[in-house]
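Participant: The chain contents come next:
2 protein chains.
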Amino acid sequence: MPEMRLNLITRDWVIIATERARKPEDFRRRRDRKALPEYLESCPFCPGNEYKTPDEIMRIPDNGGWIVRVIPNKFAELYSEGESIRKREGLKHLITGIGSHEVIIESPSHNTPTALFSVDDIANIIKAYKRRFIDIYNNPLIKHVIIFKNQGEASGTSIVHPHSQVIGTPVTPFQVRDRVSEARRFFDNTGECLMCATLKDELSDGRRIILNTEHFVTFIPYAALSPFHTWIFPKRHDAAFGDIQDIEISDLAYNLKEILSRLYFGLDNPDFNFVIRSESLKESGSEYFHWYLSIVPRLAQSSGFQLGSGIYTNPSVPEEIAGFLRKVKS
Amino acid sequence: MPEMRLNLITRDWVIIATERARKPEDFRRRRDRKALPEYLESCPFCPGNEYKTPDEIMRIPDNGGWIVRVIPNKFAELYSEGESIRKREGLKHLITGIGSHEVIIESPSHNTPTALFSVDDIANIIKAYKRRFIDIYNNPLIKHVIIFKNQGEASGTSIVHPHSQVIGTPVTPFQVRDRVSEARRFFDNTGECLMCATLKDELSDGRRIILNTEHFVTFIPYAALSPFHTWIFPKRHDAAFGDIQDIEISDLAYNLKEILSRLYFGLDNPDFNFVIRSESLKESGSEYFHWYLSIVPRLAQSSGFQLGSGIYTNPSVPEEIAGFLRKVKS
Chain A
4 MPEMRLNLIT RDWVIIATER ARKPEDFRRR RDRKALPEYL ESCPFCPGNE YKTPDEIMRI
64 PDNGGWIVRV IPNKFAELYS EGESIRKREG LKHLITGIGS HEVIIESPSH NTPTALFSVD
124 DIANIIKAYK RRFIDIYNNP LIKHVIIFKN QGEASGTSIV HPHSQVIGTP VTPFQVRDRV
184 SEARRFFDNT GECLMCATLK DELSDGRRII LNTEHFVTFI PYAALSPFHT WIFPKRHDAA
244 FGDIQDIEIS DLAYNLKEIL SRLYFGLDNP DFNFVIRSES LKESGSEYFH WYLSIVPRLA
304 QSSGFQLGSG IYTNPSVPEE IAGFLRKVKS
Chain B
4 MPEMRLNLIT RDWVIIATER ARKPEDFRRR RDRKALPEYL ESCPFCPGNE YKTPDEIMRI
64 PDNGGWIVRV IPNKFAELYS EGESIRKREG LKHLITGIGS HEVIIESPSH NTPTALFSVD
124 DIANIIKAYK RRFIDIYNNP LIKHVIIFKN QGEASGTSIV HPHSQVIGTP VTPFQVRDRV
184 SEARRFFDNT GECLMCATLK DELSDGRRII LNTEHFVTFI PYAALSPFHT WIFPKRHDAA
244 FGDIQDIEIS DLAYNLKEIL SRLYFGLDNP DFNFVIRSES LKESGSEYFH WYLSIVPRLA
304 QSSGFQLGSG IYTNPSVPEE IAGFLRKVKS
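Just so you know, the sequences run in chain order A and B. Residues 4 to 333 (this note's numbering) make up the first sequence, in order. Residues 4 to 333 (this note's numbering) make up the second sequence, in order.
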């Protein structure tokens, strides 16, 4: 019989199709992929083409040839220039689209997927995330910052050169506000941070753990919303990603490298998104929210049932997915 | 400059990329489609193959050759047999997957898309929706009923024969509960039903209206979540779809036929979902919720930004989409 599991953090019900679940290896899809060049003259993210991008915001290292480079998004969803105005007319509420939208070019190499980077390379990307996260929150117009990555067409991008994005919005998104508010309710009722409690629960159960390092735990959520949906939780309670320390950055880089490369080898380079879920920097002292990183391989289409109810259907068993990923050689 | 519009009913912010929006006709995608047969021997939904499906639940007309046929889904997401049990162990909340999952075969014809049905044919489908909606709510285990349609691969289905689905869940989905609760807050604050107020607002503005008939209004929401996202609202306030009257069924069928066929001819048969959003039949007297039908053509992939924030990006201008659809010949 299928079971419905409750994801307490996202507040979603998930139907786990236990009997008809596909095996983890069945999600592997061998695809014909064109061999990509290491350098592409027409790619604005490739070295030598820096003049094709808007003015650089930062690079790592600070001087000389770059390993990581941050630029404004030429096709920004929200503009950084202009007046931030709220208008209300009857039921129509509007905010002018002021915010920020940056691209983090993760590597000079056009054709190396992030999964095959070294741990040090990934640590540099996370350092860039941290600097941009803090800097963007210094703009008083920005209420929320989202760091995310799209890889592959099913993830919503057509750009191949490895990159992440950071968007600062002039309003706290409802989804974020609702989750924070539910986490607060949990804290007020139990005296515990929901994410700290989840981590304790997952570690004592053990069946869904993939990696357990000094500072982070990588695991498949009990109520994973989709096949191979994976969370990386910091062990130290902290509401905002911007507080991450250097030693934690190295360990997060290790966890991210490991899980991305296990997905790469286990599923043959699937399309995926990842996103850092964090409180605002202003709320970094919050006892009831706890930042984390969520990885969502894009292996299936949502249907009208999910659109119309918010209930997810996961045709895989989280415990089996974790068992599979523990064994994949990276 | 882009603008962020608030969708008061779904509680989502939408970035409308005003300057860089694509023109409505740019969403038309000519695709090579295989010619499909009117009858397929291997299709369990084709006439003559009735023995391949689980036992029929109802048909229209009641006797003789059918125009519409309702059957249990052979690959049900939730099972109709078994014990409904809730378990809780630490943070793990579980409900056994008991509910109902039915398929509404919309026509004996294998290859006619719903958009090309007659208004009478569509009225028969809506009559079947109504009967199943009421009947399923009579099962005390069912807390919520979702009627939806997936058409085309991007909508999450691989089945071609025109069909809709009805799922009854053993719990009210969070998304539904949250929207009802926000609608109630609006009602308590203003004394008005949010949907009645939205309808009044849209009709007095007029720019997003596509059809305005005796009992229904078809329009593009002010904060449409995606290109060609369309709502059909009944003019008469009613919380639950199950209360729809015969004369309203004919008029809803006309609206649905018109909009589906304008999408069909205007965009060359796009993949889409539609869903009926309704309160439970037990709450059909509610003053603060109002059922409606939502159509979502699947024209783009969501990205990590949407996953991570719940903010939608709509690369089209709702007023232009409505203008385009008003002119398409159906």
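Note that these hints are calculated values from the structure, not bench results. Incorrect hints may have been included.
Since the list gives no way to pick one copy over another, a pair counts as held whenever it fits inside one copy or between any two copies.
Cut-off 27 Å, straight-line C-alpha distance, at most; resulting in silico cross-link-like pairs (DSS-like, lysine-lysine) [stated by the list, open to error]: (1) Lys95 to Lys285; (2) Lys26 to Lys77; (3) Lys90 to Lys203.
This one's a predicted model, so the numbers in the text were calculated from it and none came from an experiment.
Participant: Now look at each hint and say whether the structure bears it out.
Facilitator: Now for the hints, and whether the structure bears them out:
In the homo-oligomer, the alpha carbons of Lys95 and Lys285 never lie at most 27 Å apart, since the shortest distance is 29 Å inside one protomer and 31 Å across protomers. For the identical chains of this complex, Lys26 and Lys77 are inter-copy neighbours only, at 20 Å across copies versus 42 Å inside a copy, given an alpha-carbon limit of 27 Å. In this homomeric assembly, Lys90 and Lys203 come within 27 Å of each other (Cα to Cα) only across copies, at 19 Å, whereas the closest approach inside a single copy is 45 Å.
Hint check: a violation occurs at hint 1 only; the rest are consistent with the structure.
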